Amino acid sequence: MTAVPDTAAPAATAPDRGDTGRAGALLAGPAAFLLAALLFLPSSGVLLLSLTDYRFGMPDFGFAGLANYRAMLGDARVVNALGNTFLYVGVVTPLSIVLGLILAVLIEAQGRLRGLLRGVFFLPVTATLVAMATAWEVMLHPSFGLVNTALAALGFDKQRFLTDPDIALWSLAAIGVWKLMGYNVLLFIAGMSQIPRDLYEAAAIDGADGGWRRFTLVTWPLLGPVTLFVTTITLIRAFSEFETVAVLTNGGPNGATDMMLFTLYEEAFRYFDIGLAAAIAVAFLGFVAALSILKVRLFDRRVHYV
Amino acid sequence: MKTLFPLTGLALAAALPATAQTELTVYHAWPHHAEWQQEIADRFIAANPDVSIDFQAPAPDYDEGLVSVIRQNLAGDPPDVFMAGSHLLGDLVARDMVQPLDDMIGDTDLNAEGYTDAVLAFTQVNGTQYGLPWTSSTPVMFYNAELVEQAGGDPDDLPDTWEETIALAADIDALGDDIMGMYYTPGDDDWMTQNLLASAGLAPIAEDGTIAFDTDRGREAIALFERLHDEGGQTAISNNDARQQMYAGKLGLYFNSTAAVRSFEREIGDRFAWGTAQMPKLVDEGGVASGGMAAVILTDDPEKRAAAWDYLLFGTGPEAQALVVENTGYMPVNTGALEVLGDFYQDHPQFETSAQQTDRAYPWFGWPGQNGARISQIVLDRMAAIANDQQSAEEAAAGMTEEIAAQLPQ
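Protein sequences, first through last, are from chains A and B. Taking UniProt numbering, the leading residue of the first sequence gets 1, the next gets one more, and so forth. Taking UniProt numbering, the leading residue of the second sequence gets 1, the next gets one more, and so forth.
If you're looking for bench data, these hints aren't it; they were derived computationally from the structure. Keep in mind that this is a model prediction, so the values were computed, not measured. You may find that some hints are simply not true.
Claimed, not checked - A short, non-exhaustive set of chain B residues, derived as facing chain A with CB atoms under 7 Å:
#1 Ile70
#2 Ala75
#3 Asp241
#4 Arg374
To be verified - Covered by chain B, according to a simulated footprint, are these stretches of chain A (three or more residues, beta-carbon under 8 Å):
#5 55-65
#6 139-148
#7 161-175
#8 262-272
#9 280-291
Beta carbons: idealized from backbone N, C-alpha and C, even for Gly.
Modelling step: build the complete structure from the supplied sequences, incorporating the hints.
Here it is, written out as structure tokens:
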């Protein structure tokens, strides 16, 4: 998940014929082998398992055809988890990108506090999320958590942030934004440092010397490649949300915060239904792959590379 | 080091008695149990120098312990002794990972050794003894004595019916905005719901195969959970939140496993008076759920099996069980431990409540077939729906019955 933003790299020049081509193939060999051994092989194993009725640890299993896929689509719990996941992704992705961008611009405009602010917003990324989730649990305590104390002081009703089925998913989404935003801030700041100063000077000469016009004319277009990468990575990370669910809500109350990866985990390692879990994993892989391909197809052409 | 001092090693080996060492690997759940588990092992080794015991890093909970043990079994190298959640014993049996203990028990009269039939039933599957119970607990009522008094109740004479208990909780709840009358934890599985059924005198599935939620009394037990929220002042917060609320002195009655007693002692200290009382009943013959850890032997090696059996008997014997009780709040599985614990119980009456209600304990019910964990979750979800007013108790009971029936073996 912490891939290098290779889409942002300048396109490589076409290889020469002959020796260079062979050398290239040779150099790519180890990576290709590892990719096959560590990614494609296990993935096809999962694909095969999804066609069986294997139960974790049982001595034997049989071929089940597409029964697991039918069960998956017919299972109200899986469908519910899927709906929750889409809602979560739909909220967390745009918010954490937009807020990340705004914060990055504001932080870069800062003088002395810049280093401190970068650190503060990047903190959630470096901290262990399980420990952070526990801190959130204390903050969101229904009676004397910090947030509820503040709400009460302002004259609002106290909320059961993690145990009210109408609110729980939104609470997790807020934590998700908090978590992903910091990473996005850092990427945007890195992207902004790549923008040549003279472009701003040129823009100023052309009359664009206000903050907003500088942003729309220079900063935003030139952040294209970074934004593309940030969007991909944020989408995938939001899709694979697991820790906050596992630590804070266990998918409850009554499935209100069930999400795809958590359901997958429960099916495999609590209910031992490996076949169904594998089917969910295949669907998950499909989603992530489709998303990445679609987005690259849609946006890659419109992005200006520096 | 070995290569540096080969002679020292030889000399040491020669100095030891000629008997071969038997090495046992033991695996248990709950990291906070590691200390007393180790203490039992140390005492056992002291009494049996020809056996050595190695602990694997403890699993975070019963479910993950089971997953890990199945995985190790697939790799061909499971631990020799495993402490399973007793409701998960069926999963080990279904995978052929554990053999009946008949060969080990032989002619031993386990009743005479201090194990009652009720206790032995915890670790049987279909009447066959697969393990010995290592710890055992029932849920009890924890109370904040000061809040009970303020509400006009008598901490030394708490009600034993749910009807009066709910009334008391309502009075406590009325003491202030920041005070919650009661909290009955729904738990992480269906155990606490089994307890509600037990208090109505029911097992989850009756002898004739009827699912309890499909009977009038079963529906009444489920409706009780709804009443706790509607009348007793319970709000649907998480168990962790409720525990903090209890420690802060803002919760009147709290219902959970007696295993929490030790934490209560540590967290509350002398800040306010508290205690435990027996679980209230819904009907006169109402019982309580019970559960705990089942120690099973996974190794097939006859020599290790014999040593492991000795270890099981030692750990479930009077002395070791007294140690477990003092360190956790569990109750002893061996009646012999009650004598050892006489003074301790005198000084810590909160620890004894659970032991006093064992005569009405129902074993931890494991759902037949392969879908026990899934059924637990079905129950848990429906109970959450009741607590959050998403469904009436009636609807939830009907829904549970239908969903559970679909998961049971046809």
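These are the hints, each one checked on the structure:
{"no.": "1", "hint": "Ile70", "result": "holds (4 Å)"}
{"no.": "2", "hint": "Ala75", "result": "violated (11 Å)"}
{"no.": "3", "hint": "Asp241", "result": "holds (5 Å)"}
{"no.": "4", "hint": "Arg374", "result": "holds (5 Å)"}
{"no.": "5", "hint": "55-65", "result": "holds (count 5)"}
{"no.": "6", "hint": "139-148", "result": "holds (count 4)"}
{"no.": "7", "hint": "161-175", "result": "holds (count 4)"}
{"no.": "8", "hint": "262-272", "result": "holds (count 5)"}
{"no.": "9", "hint": "280-291", "result": "violated (count 0)"}
In this structure, the hints that do not hold are numbers 2 and 9, in rising order.
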